[in-house]
Amino acid sequence: MIRNTGNHTQTALRTSLPETELASRANFAPHARVVREERPAQITGLPLSIRGLRKSFGDNEVLRGIDLHIPAGQFVAIVGKSGCGKSTLLRLIAGLEKIDAGSISFGQDFQPRDIQPEDIRVMFQEPRLLPWARVLANVEVGLGRDRASKYAHARAEKALTEVGLADKRDQWPSVLSGGQKQRVALGRALVSRPRVLAFDEPLGALDALTRISMQRLLERVWRDQGFTAILVTHDVAEAVALADRVLVIEEGRIAHDLVVNAGRPRQRGSAELAGLEGSILSHLLSADDRT
Amino acid sequence: MSLIDSISLPRNIRLPRVDGLVPWIVPLAIIAIWQIACVTGFVPTRVLPAPSDVALAGWKLLLSGELVRNIWVSFWRASIGFLIGGSIGFAFGLANGLSQLSAKLTDTTLQMVRNVPHLALIPLVILWFGIDESAKLFLVALGVFFPIYLNTLHGIRTVDPQLIEMGRIYGMTDGELFRRVIFPGALPSIFVGIRFALGIMWLTLIVAETIAASSGLGYMAMQAREFMLIDVVVLSILIYALLGKLADSASRVLERLTLSWHPAFQKR
Ligand SMILES: Nc1ncnc2c1ncn2[C@@H]1O[C@H](COP(=O)(O)OP(=O)(O)OP(=O)(O)O)[C@@H](O)[C@H]1O
Ligand SMILES: [Mg+2]
Numbered sequence: 001m002i003r004n005t006g007n008h009t010q011t012a013l014r015t016s017l018p019e020t021e022l023a024s025r026a027n028f029a030p031h032a033r034v035v036r037e038e039r040p041a042q043i044t045g046l047p048l049s050i051r052g053l054r055k056s057f058g059d060n061e062v063l064r065g066i067d068l069h070i071p072a073g074q075f076v077a078i079v080g081k082s083g084c085g086k087s088t089l090l091r092l093i094a095g096l097e098k099i100d101a102g103s104i105s106f107g108q109d110f111q112p113r114d115i116q117p118e119d120i121r122v123m124f125q126e127p128r129l130l131p132w133a134r135v136l137a138n139v140e141v142g143l144g145r146d147r148a149s150k151y152a153h154a155r156a157e158k159a160l161t162e163v164g165l166a167d168k169r170d171q172w173p174s175v176l177s178g179g180q181k182q183r184v185a186l187g188r189a190l191v192s193r194p195r196v197l198a199f200d201e202p203l204g205a206l207d208a209l210t211r212i213s214m215q216r217l218l219e220r221v222w223r224d225q226g227f228t229a230i231l232v233t234h235d236v237a238e239a240v241a242l243a244d245r246v247l248v249i250e251e252g253r254i255a256h257d258l259v260v261n262a263g264r265p266r267q268r269g270s271a272e273l274a275g276l277e278g279s280i281l282s283h284l285l286s287a288d289d290r291t
Numbered sequence: 001m002s003l004i005d006s007i008s009l010p011r012n013i014r015l016p017r018v019d020g021l022v023p024w025i026v027p028l029a030i031i032a033i034w035q036i037a038c039v040t041g042f043v044p045t046r047v048l049p050a051p052s053d054v055a056l057a058g059w060k061l062l063l064s065g066e067l068v069r070n071i072w073v074s075f076w077r078a079s080i081g082f083l084i085g086g087s088i089g090f091a092f093g094l095a096n097g098l099s100q101l102s103a104k105l106t107d108t109t110l111q112m113v114r115n116v117p118h119l120a121l122i123p124l125v126i127l128w129f130g131i132d133e134s135a136k137l138f139l140v141a142l143g144v145f146f147p148i149y150l151n152t153l154h155g156i157r158t159v160d161p162q163l164i165e166m167g168r169i170y171g172m173t174d175g176e177l178f179r180r181v182i183f184p185g186a187l188p189s190i191f192v193g194i195r196f197a198l199g200i201m202w203l204t205l206i207v208a209e210t211i212a213a214s215s216g217l218g219y220m221a222m223q224a225r226e227f228m229l230i231d232v233v234v235l236s237i238l239i240y241a242l243l244g245k246l247a248d249s250a251s252r253v254l255e256r257l258t259l260s261w262h263p264a265f266q267k268r
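These protein sequences, in sequence, are chains A and B.
Using our numbering, you'd call the opening residue of the first sequence number 1 and step up by one each time.
Using our numbering, you'd call the opening residue of the second sequence number 1 and step up by one each time.
Simulated from the structure, these hints should not be mistaken for laboratory data.
Since we're looking at a predicted model, the values are computed, not measured.
No residue lacks a Cβ here, since even glycine has one placed at the ideal position from N, Cα and C.
Among the hints, erroneous ones may be present.
[What the hints assert, rightly or not] Calculated Cβ distances over 12 Å to all of chain A for the following chain B residues:
hint, residue
1, Trp24
2, Val26
3, Leu28
4, Gly41
5, Leu56
6, Met112
7, Ser134
8, Ile164
9, Met166
10, Tyr170
11, Phe183
12, Ser214
13, Leu242
14, Leu259
15, Ser260
16, Trp261
[Said to hold, decoys possible] Here are the computed distance ranges between Cβ atoms for each label pair:
hint, chain 1, residue 1, chain 2, residue 2, range
17, A, Gly83, B, Val116, 48 to 54 Å
18, B, Asp160, A, Asp207, 19 to 25 Å
19, B, Asp248, A, Asp100, 53 to 59 Å
20, B, Thr106, A, Arg268, 57 to 63 Å
21, B, Ile30, A, Gly164, 39 to 45 Å
22, B, Val253, A, Gly164, 35 to 41 Å
23, A, Leu96, B, Thr106, 28 to 34 Å
24, B, Glu165, A, Ser282, 33 to 39 Å
25, B, Trp128, A, Asp100, 57 to 63 Å
26, A, Ser56, B, Arg168, 19 to 25 Å
27, B, Asp160, A, Ser56, 23 to 29 Å
28, A, Asp207, B, Arg114, 44 to 50 Å
29, B, Thr106, A, Leu209, 49 to 55 Å
Take these sequences, add in the hints, and give me the full structure.
See the structure below:
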């Protein structure tokens, strides 16, 4: 399963990785097996390679050289303080902003493949549902060019069932709760069976309980479908609860790359996760003190 | 005592049929008072004819066919003028809302023209068109143009950019984006424009018909004034009010049908 990251990819990348990257990558291999066992049989996700990625807005240098390889089907969380460029990185990956320098490629290193727009989906903090379309029609929007196909209805209904909202199919979005709206947005993102799913603080606006049930839902669909997941979050506990790997962005670079090797399903609040959460938080806070 | 009484009154017992009649209580009461005031001679009939006299005048004109003909003529002018002005306003609103170039080219000019009260053009319009049909249609169309133009433009410009970005991410073509996101998003504002325009439409028509016409409700009122037929004058005014109300109700029904997604239009 991790087979997708062939050896040459790893070596090719190593040469370009900073010190910290190397250290955590060395850690990564032995734990990979643990993660592998929890994975679904088929991984549909795409691997992702980012090389020397830079992005500035005017004088504001937001990303100053991001190097990153994400194996197919991995669940990666990105944390960092506000304004450090997490959303920008996500928008670049999703093709919503133009790259200044460097590259982002999907697929194997030596055989980059053409990707369809439907292969990559983004979910934002706001559900961004069309208020004038019923729930089912909103999910159909996610089919992209397949919207007109005769299976559109059936596929949208299936996606709605996956997010547990089949009974709301004929409602207007305005009558749904915040958590339900976000689930519709998730259904819309899932309906085209994406191979990379990027989340920009999708649960940021939800209350604590809804958040936890949404986290479970995210984890479940990720395990069922095997896409590559990239989650930007403010909540370090959420990052360690969901992700295989946590990246900390500081000053436009990946400052830390940590593997979370707790087995799944994870015990929320377990000592292992709490310890990891504490060390990530102290990274973030020490960076804050320095500035 | 009275406090307790009012609390213990069963509040939620309401007869649904009575509920629909509530808005009519005040108008009916006014008519009743008006009738009484006229019959008792409190108001001289030379100043204001009794409602019964107005009704009688209406009945006579109805029998002669004059009333129907005049209403029809006014209705026709109003709708054609509205359609012409409304569609041009809508087209400009769309073009300027969707295209920067078009907006740069025409918006300033249109905003300047807007500041001329269109009724001030009546003398010029009579010189141009005489008291022909086209004079009335021109004035109505001009009056209707601006509210529809401005509100369509505003509606399109204020569509949530996050939704537009969402549409693009999900691979909508320009046409689809317009049909699924921009137009539905602009619709509430367009309806505001339509309701405004309907008011202006009747106002323009009344003025135009009283000044320059040889048929229509306004003309009927002016003729009646010449012959001191005050009941017909009042009748015309009432019919104008009724037609205005009718147009407004029609637009409300349309709004209710097309904006059923909007929280403001959902049944509680
Ligand atoms: N379109 C833009 N134009 C100009 N500056 C931008 C734009 N988008 C982002 N920025 C700037 O880039 C920097 C990073 O923004 P970004 O939204 O990526 O931060 P973030 O890490 O997602 O923050 P948060 O956690 O608060 O969401 C900020 O300083 C922001 O002002
Ligand atoms: Mg952000």
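According to the definition I'm using, a residue is off the interface if its beta carbon is farther than 12 Å from all beta carbons of the partner; does Met112(B) meet that for chain A? Met112(B) is indeed farther than 12 Å from all Cβ atoms of chain A, at 35 Å.
Say whether it holds or is violated: Leu28(B) keeps its Cβ farther than 12 Å from all Cβ of chain A. holds (37 Å)
Is the distance from the Cβ of Val253(B) to the Cβ of Gly164(A) consistent with 35 to 41 Å? holds (37 Å)
19 to 25 Å as the expected CB spacing between Arg168(B) and Ser56(A), which holds or is violated: holds (23 Å)
Is it true that Asp248(B) and Asp100(A) lie within 53 to 59 Å of each other by Cβ? Given about 55 Å between the Cβ atoms, the range holds.
Just checking, Ile164(B) versus chain A, shortest CB gap more than 12 Å? Answer for Ile164(B): violated, closest chain A Cβ roughly 10 Å.
Say whether it holds or is violated: Ser214(B) keeps its Cβ farther than 12 Å from all Cβ of chain A. It holds; Ser214(B) is separated from chain A by about 47 Å at its closest Cβ, greater than 12 Å.
Quick check: does the Cβ-Cβ distance between Asp207(A) and Arg114(B) fall within 44 to 50 Å? With Cβ atoms ~48 Å apart, the hint holds.
The output says Gly41(B) does not contact chain A. Does that hold with a beta carbon cutoff of 12 Å? holds (58 Å)
Hint check for Leu209(A) and Thr106(B) - Cβ pair distance inside 49 to 55 Å: This hint holds: roughly 54 Å between Cβ atoms.
Return holds or violated for the Cβ distance of Gly83(A) and Val116(B) against the range 48 to 54 Å. holds (50 Å)
Check on Leu259(B) being off the interface with chain A, judged by Cβ distance over 12 Å: Violated, since 8 Å does not exceed 12 Å.
In summary, the numbered hints that this structure violates are 8, 9, 10, 11, 14, 15, 16, 21.
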